[in-house]
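Chemist: Here the protein sequences come in this chain order: D and C. For the first sequence, the tail end lands on 319 under the working numbering, and the numbers increase by one without skipping. For the second sequence, the tail end lands on 1491 under the working numbering, and the numbers increase by one without skipping.
Hint data in this document are derived by calculation from the structure and do not stem from the laboratory. Computed from a predicted model, the values in this text were never measured in an experiment. Watch out, some of these pointers could steer you wrong.
Taking lysine to aspartate or glutamate and the EDC-like style, the derived pairs with C-alpha atoms no more than 20 Å apart in a straight line are [unchecked claim]:
{"#": "1", "chain 1": "D", "residue 1": "K195", "chain 2": "C", "residue 2": "E1301"}
{"#": "2", "chain 1": "C", "residue 1": "K1333", "chain 2": "D", "residue 2": "E37"}
{"#": "3", "chain 1": "C", "residue 1": "K1387", "chain 2": "D", "residue 2": "D85"}
{"#": "4", "chain 1": "C", "residue 1": "K1181", "chain 2": "C", "residue 2": "E1134"}
{"#": "5", "chain 1": "C", "residue 1": "K1170", "chain 2": "C", "residue 2": "E1215"}
{"#": "6", "chain 1": "D", "residue 1": "K183", "chain 2": "C", "residue 2": "E1215"}
{"#": "7", "chain 1": "C", "residue 1": "K1170", "chain 2": "C", "residue 2": "D1090"}
{"#": "8", "chain 1": "D", "residue 1": "K183", "chain 2": "C", "residue 2": "D1077"}
{"#": "9", "chain 1": "C", "residue 1": "K1170", "chain 2": "C", "residue 2": "D1364"}
{"#": "10", "chain 1": "C", "residue 1": "K1069", "chain 2": "C", "residue 2": "E1152"}
{"#": "11", "chain 1": "D", "residue 1": "K195", "chain 2": "C", "residue 2": "E1110"}
{"#": "12", "chain 1": "C", "residue 1": "K1170", "chain 2": "C", "residue 2": "D1150"}
{"#": "13", "chain 1": "D", "residue 1": "K183", "chain 2": "C", "residue 2": "E1110"}
{"#": "14", "chain 1": "D", "residue 1": "K183", "chain 2": "C", "residue 2": "D1078"}
{"#": "15", "chain 1": "C", "residue 1": "K1179", "chain 2": "C", "residue 2": "E1134"}
{"#": "16", "chain 1": "C", "residue 1": "K1256", "chain 2": "C", "residue 2": "E1301"}
{"#": "17", "chain 1": "D", "residue 1": "K195", "chain 2": "C", "residue 2": "D1476"}
{"#": "18", "chain 1": "C", "residue 1": "K1123", "chain 2": "C", "residue 2": "E1110"}
{"#": "19", "chain 1": "D", "residue 1": "K195", "chain 2": "C", "residue 2": "E1215"}
{"#": "20", "chain 1": "C", "residue 1": "K1181", "chain 2": "C", "residue 2": "E1169"}
{"#": "21", "chain 1": "D", "residue 1": "K183", "chain 2": "C", "residue 2": "E1128"}
Estimated spans, in silico, between C-beta atoms of each pair [stated by the list, open to error]:
{"#": "22", "chain 1": "D", "residue 1": "K183", "chain 2": "C", "residue 2": "G1284", "range": "53 to 61 Å"}
{"#": "23", "chain 1": "D", "residue 1": "Y137", "chain 2": "C", "residue 2": "E1128", "range": "26 to 34 Å"}
{"#": "24", "chain 1": "C", "residue 1": "L1119", "chain 2": "D", "residue 2": "A24", "range": "49 to 57 Å"}
{"#": "25", "chain 1": "D", "residue 1": "L173", "chain 2": "C", "residue 2": "G1284", "range": "41 to 49 Å"}
{"#": "26", "chain 1": "D", "residue 1": "A24", "chain 2": "C", "residue 2": "L1135", "range": "44 to 52 Å"}
{"#": "27", "chain 1": "C", "residue 1": "G1121", "chain 2": "D", "residue 2": "L173", "range": "54 to 62 Å"}
{"#": "28", "chain 1": "D", "residue 1": "R181", "chain 2": "C", "residue 2": "D1166", "range": "32 to 40 Å"}
{"#": "29", "chain 1": "C", "residue 1": "L1135", "chain 2": "D", "residue 2": "Y36", "range": "51 to 59 Å"}
{"#": "30", "chain 1": "C", "residue 1": "P1164", "chain 2": "D", "residue 2": "R181", "range": "30 to 38 Å"}
{"#": "31", "chain 1": "D", "residue 1": "L173", "chain 2": "C", "residue 2": "S1074", "range": "51 to 59 Å"}
{"#": "32", "chain 1": "D", "residue 1": "L259", "chain 2": "C", "residue 2": "D1078", "range": "45 to 53 Å"}
C-beta atoms are modelled at their ideal positions from N, C-alpha and C, and glycine is treated no differently.
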Amino acid sequence: MNLIQLKRQSWNLAIIVLALVLGAWRISQLPQFGAYEARTFVLGILPIALLSMGQALIIIGGGINLAIGAEAVLINCLSAKYMLDTSFSKSLMLAVVFIIVGVLIGALTGWIISVSGIADIVVTLATSFLLVGVAMYVMPQPGGGINQTLADLISGKVPNFIPPLICLILPILLIWIPLYRSKLGISMYAIGSNKDAAFLSGVNVNLTRIKLYAFGGLFAALSGLALTGITLSSSPFANISNTATLNSVAGAVLGGVALSGGVGGLIGPALAALILYFIPTILLAYGIDPAYSQIITGALTIVVVLLGGLLRKRTAGKK
Amino acid sequence: MASNNSLLSIKGLEKSYGSVVALKNANFEVSPGEIHALLGANGAGKSTLVKILTGVITSNNGTISLNGKQLTFSSPDDARKNGVAPVFQDPALIPDISIQRNLTLTSTNEARFVSELALMGLKVNLNEIAANIELPLLRMIDLARALSHDPELLILDEITAALPIDLAEKVITVMNNQKAKGKSVIFISHRLAEIEEICDRATVLRDGINVDTFEASQGSEERIVQAMLGEKNKRNSNEARTSRSSLSSQTLLEIKSISGGKHLKDLSFTIKKGEVLGVAALEGQGQDLLFEILAGESNPESGEILVNGKIVTFSHPSDAINLGISYVPGDRKSALMPQRSIRENLALTRFRGISKWGVINSKDEEVRVDDAVSSLQIDTRAKSQVKRLSGGNQQKVTIGRWVTTGFDLLLCFDPTRGIDVGTKQQIYELVREFADQGKSVLLFTSELREIQLACDRAIVIYEGRVQADLPIEKCDEENLLNAAHGIAVAK
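For reference, chain D alone in the conformation it holds in the complex:
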């Protein structure tokens, strides 16, 4: 790794250090630390980490998807409704179907944005209402279920923490790394960085955006399925989708993705989910009011982003 690459990885390194410090702090609060506790950690971050990664892809491409949480909630409701009391093979088949549904919803969103020329934030705000509405129609009340074998494959049998960890790492290995190296990956950075230059370089801007939203939908679907696998039920609530969306943006930004587009990766957002998970749990363990812990999480996000901004300014030099 040369110096330039090292500089580019400095954000990830800082996030890892912060996550380790917070992790050590959290562990010190527990009477013991073993597989069971590790599993709790991983389950705590899996859905939001996946969602942050999907959001990160879209933000890197110069967009933002405010419907990503709603999409995850919809897939959560769909899967919990139709996977209840099914065989393993049927649940698995349904999982594939719902992943495709997620990809299609994402692609459709990207298509609407490209064709209409309306800002991402407006289109996806509208689709977020729409998708939550559909989710509440699918599952008017919390409930549903999933085949237990599939659930164990997602969340691991207590105290096995390996399956959820695989669920977290596999998308990075199988989706992110190949994507980053592909022409689509470069095009993604290109349209987020400078649309005109991307166009002049031969990038099909609209098609790239549609593909990115499709990938975002894929991650949202994975997140929704993970939620079903962990909770064994569905939560058709608008506030869950809103919180999830905002956390996905916070995760992406904490993870080193610039809201202006063109900068960042997916590993940072995945790690940032750990930070977003540790802070409230640590504070809760001290008996601190959840309201305060919200304030502290918010303040920390600002501080981290501020420090990152200053760091970037200094390394980039005055322009």
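Once you've looked at the hints, dock chain C against the given chain D.
Modeler: Positioned in the frame of chain D, the structure of chain C alone reads:
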């Protein structure tokens, strides 16, 4: 020239944007192994023609034939595959990714790119992020990338504007190499001397029509200017200025050995009231920082700035503005609010004239703005959004706002970069008018011949110091160039 042996043949090309006609019946031919200059005032349709040729936009009417085959380019990629490769003034490299990934994006052969760059005597770290590379080098990288695709037709759009002399020479070598290989080049430049020197033929556009095509040779300059401006607007040929005896002896600004950044070291000079002081330098001698310091954007590491004999420090550009020092930056885009109207852009800096309670006297503002528009002859056809103005008119707006605001010292950083001869002339005249009103101007230009046209005196910066301080009679291009390269000039 018969169209059957030309490489590129454009016939009856038309393009309009809404009611604005950019091109009406443009005809244009390029032979194999020819360097062909494409000229025209801003708004003549050059950019539109280039955009159509490179697949950025499509024409409403007319035909393009390449090697006798009629084609339409649907995208820049399409044009590239057909052997047409453009290099624009703003490099088409993605800022946030590495050069290597930029090459992959355009399916450029890496080894080929490196060797093209090496042929120009340049080297670059392929892992470097494009945004971290300085603009002149980035343009050369873009050029090397275009060359890697071995284009039949290379289109260079204003690539030498604001390029330091050594790099500009490399571009010219590249063009001659292409020609020697039997490939063709379309060269767009506002530097007429370059065109005379290297182009075989020149075509001039005016109001969307090709008005003249001729062999470029020494002395074509007059014909070019005439064709560009049309008979009606014919101007006096540019005349070098001589020293004024009437210059005031009062010093307005004094710089005492300021240092800062990588480049500025112990720089000192003075400007008198009503004086236009030219600044000449090769790229990267610290001139950018000097202007930023004077504009209150940066602080020097050491040294003093005296305005009217008093030491001043600026903590914000508004401090400089309040002392009457106004800055017209080199990059118009960084000065303008592109989506807003001419009026708002002109009135933006007029906060000194606003009443105590912050209410804008819109009548007064209107009068001042109208004054600026008429005295600068700003083309107001697209007045609702500045981004729709031509480059020359945008530049007039950036200067015009200081006319509405008022100033004592105007800092102009390369104000004529990439704008047409006619507008350049207007800007020189404007600068002279300021001087006649007793105002001072500090004018940096990358086009050395401008100094004798607009200034009273010039300093040449070399390695962060004033290498030469020359009276206007001594400011011919040869002397300036020598000093810019650190060679002593006889006083």
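Chemist: Check whether the Cα positions of K195/D and D1476/C lie no farther apart than 20 Å.
Modeler: violated (43 Å)
Chemist: CB of P1164/C to CB of R181/D, is that within 30 to 38 Å?
Modeler: holds (37 Å)
Chemist: Holds or violated: K183/D with D1078/C, Cα cutoff 20 Å?
Modeler: holds (17 Å)
Chemist: Does E1134/C sit within 20 Å of K1179/C, going by the straight-line distance between their CA atoms?
Modeler: The given pair, whose Cα atoms are some 28 Å apart, is violated under the 20 Å limit.
Chemist: Tell me if the beta carbons of L173/D and G1284/C are separated by a distance inside 41 to 49 Å.
Modeler: holds (44 Å)
Chemist: State, for the Cβ atoms of L259/D and D1078/C, whether the hinted interval 45 to 53 Å holds or is violated.
Modeler: Because 33 Å falls outside the window, the suggested range is violated.
Chemist: Given the hinted pair K1170/C and E1215/C, is their alpha-carbon gap at most 20 Å?
Modeler: violated (23 Å)
Chemist: Hint check: K183/D vs E1110/C, CA-CA at most 20 Å. Holds or violated?
Modeler: holds (15 Å)
Chemist: In this structure, is the beta-carbon distance linking Y137/D and E1128/C contained in 26 to 34 Å?
Modeler: Violated, at about 52 Å.
Chemist: Next pair to validate is K183/D with E1128/C; report whether the Cα-Cα distance is within 20 Å.
Modeler: Since the Cα atoms of K183/D and E1128/C sit roughly 19 Å apart, the hinted pair holds (cutoff 20 Å).
Chemist: Just to be sure I understand the hint, the distance between the Cβ atoms of K183/D and G1284/C should be within 53 to 61 Å; is that true here?
Modeler: With Cβ atoms ~35 Å apart, the hint is violated.
Chemist: K1170/C and D1150/C were given as a pair; does the straight-line alpha-carbon distance stay at or below 20 Å?
Modeler: holds (17 Å)
Violated hints, listed in ascending order, are 1, 2, 3, 4, 5, 6, 9, 11, 15, 17, 19, 22, 23, 27, 31 and 32; each of the other numbered hints is respected by the structure.
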